[in-house]
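S.K.: Sequence:
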Amino acid sequence: MPDLIDAGQINRTIDRALTTSVLPTHTELKELEADLRRHIHALLPVVDAQTADTSPASKDWAMRRFTLARARAVLLDGPGAGLRSAAEHVDSLARVCRALLGHRL
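Just so you know, we're using my numbering here: the sequence shown kicks off at 1 and counts up by one.
Keep in mind the hints are simulated off the structure, nothing from the lab.
Only a predicted model underlies this, so the values are computations on that prediction, with no experimental measurement involved.
Hints are supplied without guarantee of correctness; some may be wrong.
[Claimed, not checked] Here are the in silico distance ranges between beta carbons for each label pair:
no. : residue 1 : residue 2 : range
1   : ALA49     : ALA81     : 34 to 42 Å
2   : ASN11     : ASP60     : 19 to 27 Å
3   : SER85     : LEU105    : 32 to 40 Å
4   : THR19     : GLY80     : 17 to 25 Å
5   : SER21     : MET63     : 13 to 21 Å
6   : GLY82     : ALA52     : 38 to 46 Å
7   : ALA42     : ARG65     : 17 to 25 Å
8   : ARG38     : GLY80     : 33 to 41 Å
9   : MET63     : ILE5      : 31 to 39 Å
10  : ALA81     : SER55     : 38 to 46 Å
11  : ARG72     : LEU18     : 15 to 23 Å
12  : LEU18     : MET63     : 32 to 40 Å
[To be verified] Keeping only pairs whose Cα atoms sit at most 20 Å apart, straight-line, the calculated SDA-like set for lysine to any residue is:
no. : residue 1 : residue 2
13  : LYS59     : THR13
14  : LYS59     : LEU101
15  : LYS30     : ARG72
16  : LYS30     : PRO45
17  : LYS30     : HIS89
18  : LYS30     : LEU75
19  : LYS30     : ASP91
20  : LYS30     : HIS41
21  : LYS30     : ARG98
22  : LYS30     : LYS59
23  : LYS59     : LEU105
For each residue, glycine too, the CB sits at the ideal point set by N, CA and C.
Go ahead and model the full structure; you've got the sequences and the hints to work with.
M.R.: Below you can see the structure in the form of structure tokens.
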């Protein structure tokens with residue numbers, strides 16, 4: 001059964017988060033954070049289920065488990081008090097989102 005992940009939309013969000021030469025506004029960062037969190041929450045169960053079908057003896061399984069753990073850890077973090085810390089948090093969310101998308105079969 002195919003998943004309902006919209007990879008195009010996710011990639012556009014990642015691109016918005018990672019392709020800026022100046023710090024976005026606080027409002028833009030809050031929007032990006034919410035979008036990326038939503039994408040990560042959608043990707044986690046898909047990648048987790050697909051990982052369960054992978055051999056635990058494989059490098060692919062280990063990389064998937066690492067990415068899943070990293071995603072869960074990043075979701076526990078917050079944007080911090082300042083604009084710079086919020087931008088770094090959004091960057092982390094975007095990179096984790098990209099990694100999860102890359103592990104999706």
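S.K.: CA of LYS30 to CA of LYS59, is that 20 Å or under?
M.R.: Roughly 35 Å separates the two Cα atoms, so the pair is violated.
S.K.: Range hint 33 to 41 Å: satisfied by the CB atoms of ARG38 and GLY80?
M.R.: violated (20 Å)
S.K.: Given the hint that LYS59 pairs with LEU105, test it: the Cα-Cα distance must not exceed 20 Å.
M.R.: Holds. LYS59 to LEU105 sits at ~15 Å (cutoff 20 Å).
S.K.: Is the hinted pair LYS30 and LEU75 satisfied, with a Cα-Cα distance of at most 20 Å?
M.R.: Holds: LYS30 and LEU75 sit about 14 Å apart, inside 20 Å.
S.K.: Does 38 to 46 Å hold as the CB distance between ALA81 and SER55, or does it fail?
M.R.: For SER55 against ALA81, whose Cβ atoms are near 44 Å apart, the range 38 to 46 Å holds.
S.K.: Is it true that LEU18 and MET63 lie within 32 to 40 Å of each other by Cβ?
M.R.: Roughly 21 Å apart at Cβ, these two residues miss the hinted range, so it is violated.
S.K.: Holds or violated: are the alpha carbons of LYS30 and PRO45 at most 20 Å from each other?
M.R.: violated (24 Å)
S.K.: State, for the Cβ atoms of MET63 and ILE5, whether the hinted interval 31 to 39 Å holds or is violated.
M.R.: violated (19 Å)
S.K.: Next pair to validate is LYS30 with HIS41; report whether the Cα-Cα distance is within 20 Å.
M.R.: Satisfied, since the Cα-Cα distance of roughly 16 Å is no more than 20 Å.
S.K.: Within 20 Å, alpha carbon to alpha carbon, are LYS30 and ARG72?
M.R.: holds (19 Å)
S.K.: Taking 20 Å as the top limit, are the C-alpha atoms of LYS30 and ASP91 close enough?
M.R.: With a Cα-Cα distance of about 12 Å, the restraint between LYS30 and ASP91 holds, given a limit of 20 Å.
S.K.: Are the Cα atoms of LYS59 and THR13 separated by 20 Å or less?
M.R.: violated (29 Å)
Going down the numbered hints, you'll see the structure goes against 5, 8, 9, 12, 13, 16, 22, while the others check out.
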